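Q: Chain residues, written in single-letter form:
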Amino acid sequence: MRRAFAVAIATALLLLIVALHRPTGPQLAPTPDIRQLVELVKSDPDLRRLILHYAEELGIQLTVKQPKPISTNITLHVQPDKVVAGGAVVASGILNTPRGPLPRQLVAIYVDKTLATFATTDDKGRFQAELRVGVYKPQVEIRAVYKPLPGEPYLESNATATVEVLYNETTLRLSAPRQVKWGDVLTIYIRQDPPIPRAVRISVGGRTYVVETRGEAAVDIPTAALTPGMQKITAHAEGRGPYAPATAAVAVEIVAETPQARLEAPPVLIAGLPAEIRYSVTPNVSAVLYVAGRPYNGSVPLDVATGFYDLVLRTAQAPPYRSASTTQRVFIINVANFVPLAAAAAVVFILVKRARKEEVEELYREVRGAAPQSAVLTIQAEEALRLLAHAFYILGERSGVRYSRIYTYREYAAKVTQHAKNQNCLRHIVTLAERAAYSPHTPTPAELAEGWRCLDQL
Amino acid sequence: MAMLRPALAALATALLLLMLTPSTTPYSPHNPGPDGLSKFAAMCTLADQADVFVLAPGAGLPQYNVSASRTPIVDPFINNGNPRAPIANARGRPAVAPNATPLTGPGTPIVYTSPGSFAGTTRGPFPLALAVKTGNKTIYIYHAALFSNRAIDKNLQLAKEVCRLPVKVVVADPDPAHLLHEHLDDARPWAAPAVLTAISLYLAIKRTA
Numbered sequence: 001m002r003r004a005f006a007v008a009i010a011t012a013l014l015l016l017i018v019a020l021h022r023p024t025g026p027q028l029a030p031t032p033d034i035r036q037l038v039e040l041v042k043s044d045p046d047l048r049r050l051i052l053h054y055a056e057e058l059g060i061q062l063t064v065k066q067p068k069p070i071s072t073n074i075t076l077h078v079q080p081d082k083v084v085a086g087g088a089v090v091a092s093g094i095l096n097t098p099r100g101p102l103p104r105q106l107v108a109i110y111v112d113k114t115l116a117t118f119a120t121t122d123d124k125g126r127f128q129a130e131l132r133v134g135v136y137k138p139q140v141e142i143r144a145v146y147k148p149l150p151g152e153p154y155l156e157s158n159a160t161a162t163v164e165v166l167y168n169e170t171t172l173r174l175s176a177p178r179q180v181k182w183g184d185v186l187t188i189y190i191r192q193d194p195p196i197p198r199a200v201r202i203s204v205g206g207r208t209y210v211v212e213t214r215g216e217a218a219v220d221i222p223t224a225a226l227t228p229g230m231q232k233i234t235a236h237a238e239g240r241g242p243y244a245p246a247t248a249a250v251a252v253e254i255v256a257e258t259p260q261a262r263l264e265a266p267p268v269l270i271a272g273l274p275a276e277i278r279y280s281v282t283p284n285v286s287a288v289l290y291v292a293g294r295p296y297n298g299s300v301p302l303d304v305a306t307g308f309y310d311l312v313l314r315t316a317q318a319p320p321y322r323s324a325s326t327t328q329r330v331f332i333i334n335v336a337n338f339v340p341l342a343a344a345a346a347v348v349f350i351l352v353k354r355a356r357k358e359e360v361e362e363l364y365r366e367v368r369g370a371a372p373q374s375a376v377l378t379i380q381a382e383e384a385l386r387l388l389a390h391a392f393y394i395l396g397e398r399s400g401v402r403y404s405r406i407y408t409y410r411e412y413a414a415k416v417t418q419h420a421k422n423q424n425c426l427r428h429i430v431t432l433a434e435r436a437a438y439s440p441h442t443p444t445p446a447e448l449a450e451g452w453r454c455l456d457q458l
Numbered sequence: 459m460a461m462l463r464p465a466l467a468a469l470a471t472a473l474l475l476l477m478l479t480p481s482t483t484p485y486s487p488h489n490p491g492p493d494g495l496s497k498f499a500a501m502c503t504l505a506d507q508a509d510v511f512v513l514a515p516g517a518g519l520p521q522y523n524v525s526a527s528r529t530p531i532v533d534p535f536i537n538n539g540n541p542r543a544p545i546a547n548a549r550g551r552p553a554v555a556p557n558a559t560p561l562t563g564p565g566t567p568i569v570y571t572s573p574g575s576f577a578g579t580t581r582g583p584f585p586l587a588l589a590v591k592t593g594n595k596t597i598y599i600y601h602a603a604l605f606s607n608r609a610i611d612k613n614l615q616l617a618k619e620v621c622r623l624p625v626k627v628v629v630a631d632p633d634p635a636h637l638l639h640e641h642l643d644d645a646r647p648w649a650a651p652a653v654l655t656a657i658s659l660y661l662a663i664k665r666t667a
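Sequences listed follow chains A and B, in order.
Taking my numbering, the leading residue of the first sequence gets 1, the next gets one more, and so forth.
Taking my numbering, the leading residue of the second sequence gets 459, the next gets one more, and so forth.
If you are wondering where the hints come from, they were derived from the structure by calculation, not from laboratory data.
Be aware that a few hints might be false.
As the list claims (entries may be wrong) - Per label pair, the in silico range of CB-to-CB distance:
id : chain 1 : residue 1 : chain 2 : residue 2 : range
1  : A       : Pro30     : B       : Leu637    : 27 to 33 Å
2  : A       : Gly25     : B       : Glu619    : 22 to 28 Å
3  : A       : Pro45     : B       : Leu614    : 33 to 39 Å
4  : B       : Thr592    : A       : Arg99     : 57 to 63 Å
5  : A       : Thr31     : B       : Leu654    : 52 to 58 Å
6  : B       : Pro564    : A       : Pro45     : 30 to 36 Å
7  : A       : Gly25     : B       : Leu637    : 15 to 21 Å
8  : B       : Arg551    : A       : Leu52     : 17 to 23 Å
9  : B       : Leu642    : A       : Thr31     : 47 to 53 Å
10 : A       : Arg99     : B       : Pro564    : 45 to 51 Å
Said to hold, decoys possible - To give an idea of the chain B side of the interface with chain A (calculated C-beta under 10 Å), a few residues:
id : residue
11 : Asp493
12 : Gly516
13 : Gly518
14 : Asp533
15 : Pro534
16 : Phe535
17 : Ala546
18 : Ser572
19 : Phe576
20 : Ala577
Unchecked claim - Which bits of chain A does chain B cover? Going by a derived footprint, with three or more residues having C-beta under 8 Å, they are:
id : stretch
21 : 51 to 62
22 : 185 to 197
These numbers come from a predicted model, not from an experiment.
By construction, the Cβ of each residue, glycine as well, lies at the ideal position given by its N, Cα and C atoms.
Extracted from the complex, chain B is given alone in its bound form (with noise of 0.2 Å):
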């Protein structure tokens, strides 16, 4: 009993903690940097079943067999300014796509670079967003350097029109801050009942003892 003290204020304070430090996974939409997706999620309603998917690169679906590669897309002609920060074609209107990698998988390209883009020594176009058709419906499947925070306020257009549904972020290799926080979220229709649990258990506990 002497040690749990100690042990539980550890615990509390590394969760406290973790609560309040923002996440430094890339693409994680608790994210505030350049590559985070804080300003994208303070848009959209991120929910875990959701029909649009905005996937990181390393990230993938298998159920719908569609990932992001690590491989970054180049393109030497049409760019922000950097060849690595290749504009895309969404629907006709120009899309900003820094350190944006191909997704593969089966579905339609909706978002897509030029034919003179390149990932490794392979050409483009490369889709960066695909409409899947699975059953009756069809999830669609955006690529998160689209609506990374240094990008997202050339593609506010597209970030509307992707948000006007439930998305749901997948991301790679996630730190503990970025689980932590998508825990917190799912957990946050238990977190009251949980409290006053705990709180009752622990005075219960206090009188017998």
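This is chain A alone, in the form it adopts within the complex (with noise of 0.2 Å):
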């Protein structure tokens, strides 16, 4: 029974050894320094270039990681930190990385947020410069700037220091008149509190004038060249040593006059002749007349269609008088617009004739038609049928009763015998067609030619 216990335990044991035993790696040399081997193949080109043929061979894209930017730390003292205005004061300070000084770096000092100069560190990172501070501001910002080039592994950073600078603030007071005409001289005159010698800049209207000073000017400024209405006159006097600068405006009004300017013109003008058109301007200043916005040379252009236009008279500008204009609607007919609408009315009248002349000559085959057949006409019986069908023609058109031959001549002639206005006439022209038709009496060429001239008055 016991050996049967130690012979369980063992087989127990047993299995949890095995159980326990895991399968391990490779029993390996250690590994050297990763860092020492990448390089270690940095500094060799050749290699560089075999590892990159092995990577191409193989279809690998090998990709560089940028190494991390180097942190960089400016410092800056300014000495004097009190400076009269344009004075200069000095700016140095040390450029450093946590792996120690920056030599042969660039680095931009701003004065008041404008660029002053550039200083260059030297092999202890250690820079300096002079500046000279023309700025009137009680304190002025100092700043230096390192900003690395494309390409340097560095970051870039900033330093800031405060200057106290002394001045003496300064006045200008300009006195001008409130109006000036258009065209005279206006007479500015310029104050300085505390008359100091230096250049006062005036500007109005987009000019500027210069004048140097010691306490009090005048400057005499030409309006001609201004527009009329109000101006603004700003003068302004740059800092000079420890004086700051002064700025001063005034406002003037410019005052144009309007000249009077007189048009008379018909109301209707014909293109391409001249018109009776009268103009005057008071005072005597130049004007232009412009018809249908050209100016007028004697004549209406004949360019123009017909229709209304304006007639505008402006006279130039002539200080002190202002640009004025004067207008008067004029209708203007251009008798080459009427051609078209002539030609047109000439075709519908052709027309119309020869539409005409094909019905009477429809109608006349009508009164052929109901003349026995048998019959031979002679030139004067067709001539007294074709005078009947021009006169059925004019009755037919009045009475709206159309002729066929289903009437006899007299049966249709007495049918609209009272939309003719001379019905002796009508009475005159059927006798002629039936003696034409049923006779051989034919009509005498006079009774045709009373025919003819009865047909008018039908």
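Starting from the two chains in their separate frames, assemble the complex, guided by the hints.
A: Written as structure tokens, this is what we have:
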């Protein structure tokens, strides 16, 4: 029993050992420092080329990670920390990285956000530059900025210092008339306090005048080149040494007069013909007359279409007179515009006449058809029938009853006789036609001539 | 006789356990761990007599003067996410070789690491497969790291090409499970007659006793 227990325990232990026994990796030598190997490869361009070639053969894309940029730190000291405006200060500092100072690097130095100068760091990362402080503010910021050039592995950094600036406030006063006639000279009086010799720049209407002054000065400004109306005049004096800049402004109204322009013209003008246009300008300044937007040169332009147009008289500006204009509405007739209309009317007339001729011809055939077919008609007989066809056409148009061979000549004449202005004429024409159709006594040329005359009175 | 039975029982139990237990030897065909060759063995015909060898680090083939060193190859640039898993050039195709070591010996390299790989302080390229001409035939010797269970999925094409011929895997420092499996493989043709002989002998002894 004890032996069986021992065997069971031994078997259990064996199973436990097997269960706990895990495969292990191969026993290999330790790995060298990877960073050293990387540096080794980096320093050997031929090896780099071989590696790239190897990667290309296998179609492997090698990506090169950019090195982490190195932070920089810059310090700035300004001596002295108080300066009279226009005076100089010395800015100095050190450009450092966690690995040590950065030599031969450019540092930009700004005075009140304006680039003043560049300084280069020495082997110990130190830089120094003299700056002129021409800023008229109680406190001026000096900033040193290090911006690495492209490809440099450094981050940018900057430092600031403040300088107290000592200076005197100055004032400018301008005096000028409130109004000036356009074209006259405008005199502006300038007064500086305190009186220091410097240039004052006067700006008005886009023009600038510079006057050197010490205390007081007067400037004459011609107004002819200015625009009439309110004009703002500003004066500015730059800072000079310990004296701050100053600015002043004044408003002056430039008054212009309006000339009287009179224009008289007929309401209807004919294109291409001279028109009787009278105009006058008081006072006598030059003026231009425009017809349909074009200068009038003695006759109405021929190329304007028939219609209403503005006749404009515009005076030129001549200080103190401003430009003025007066307008009159006129109707211009261009005869050339009616030529197509006349041509169209002629075409219509010809077409109507031709249609009428055809209808009369058709009616003649109807009248001829009503005559005995066996009869041989003379020229006079045919003319008599043609005369009747004309008469029946006229009366058919008036009565609205068209002739047909179902009527005898006399029946149709009786039907439309009330529409004839001269019934005797109708009777004469019908008689001539009946004689032509039924009688051997054909109408004489005199009778026919009488018939044609009658046709006009029908 | 009284001690013989427990001794035989213990021996039989130990052998049975070893037979059922996988090998822990790195690059053993009977090791199913990441550094084993069990997947490779399942794909190939393993034979004691072969012209294709797979050599584990520390193992050697003295007859061809070829061995695999124990110094790992490190490639800081062309690797499979780890410098210790260099990407080798296997006839123009990439092959991953985690924990690979250089093969040393004569022959033409047919799989090799990049010029930027290192073994200790020695710079590559290092061969991971050699074609060795002996007499009128060529022997192919591959590094086992190319076919470990952790690499074989990435080098499947290469493994299939290698497995066209019977392969012999040579490991260093085999554990008992590996040895038993190797011997079992060797003894497989003799297993049936041996069992029959043992049973017959047992019955004969029992009858005479």
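Q: Decide, hint by hint, whether the structure agrees.
A: Hint-by-hint comparison with the structure:
Distance hint for Pro30/A and Leu637/B: a CB-CB separation of about 29 Å, consistent with the stated range 27 to 33 Å. Look at Gly25/A against Glu619/B: about 26 Å separates their beta carbons, and that is inside 22 to 28 Å. Between Pro45/A and Leu614/B the beta carbons are some 37 Å apart, a value that agrees with the proposed interval 33 to 39 Å. Thr592/B and Arg99/A have their C-beta atoms about 58 Å apart, which keeps the hinted 57 to 63 Å range intact.
For the hinted restraint 52 to 58 Å between Thr31/A and Leu654/B, the CB-CB distance of approximately 54 Å keeps it satisfied. Remark: the range hint 30 to 36 Å for Pro564/B to Pro45/A is upheld by a beta-carbon distance near 33 Å. At roughly 20 Å, the beta-carbon separation of Gly25/A and Leu637/B lies within the given 15 to 21 Å, and the hint holds. Distance hint check: the CB atoms of Arg551/B and Leu52/A are about 18 Å apart, consistent with the given range 17 to 23 Å.
A hinted range of 47 to 53 Å is violated for the C-beta pair Leu642/B and Thr31/A, which are about 37 Å apart. Separated by about 50 Å at the C-beta atoms, Arg99/A and Pro564/B satisfy the suggested range of 45 to 51 Å. Annotation: Asp493/B was flagged as interfacial toward chain A, and the flag holds, the nearest CB pair being 5 Å apart, inside 10 Å. Annotation: interface hint on Gly516/B holds; nearest CB of chain A at approximately 7 Å, less than 10 Å.
Annotation: interface hint on Gly518/B violated; nearest CB of chain A at approximately 14 Å, more than 10 Å. Against a cut-off of 10 Å between C-beta atoms, the interface hint on Asp533/B holds, since the closest Cβ of chain A lies about 9 Å away. For Pro534/B, the interface hint holds, since its Cβ comes within 10 Å of a Cβ in chain A; the closest pair sits about 5 Å apart. Taking 10 Å as the C-beta contact cut-off toward chain A, the hint placing Phe535/B at the interface holds, the least distance being around 6 Å.
Interface restraint check: Ala546/B against chain A, minimum CB-CB distance 9 Å, threshold 10 Å, status holds. At about 4 Å, the closest approach between the beta carbon of Ser572/B and any beta carbon in chain A falls short of 10 Å, and the interface hint on this residue holds. This hint holds: Phe576/B has a C-beta 5 Å from the nearest C-beta of chain A, less than the 10 Å allowed. At a threshold of 10 Å, the smallest CB-CB gap from Ala577/B to chain A is about 9 Å, leaving the interface hint in force.
Three residues within the 8 Å Cβ limit are the bar, and the stretch 51 to 62 of chain A against chain B gives 8, so the coverage statement holds. Restraint check on the stretch 185 to 197 of chain A versus chain B: 0 residues with Cβ-Cβ distances below 8 Å, three needed, restraint violated.
This entry does not satisfy hints 9, 13, 22, going by the numbered hints stated previously.
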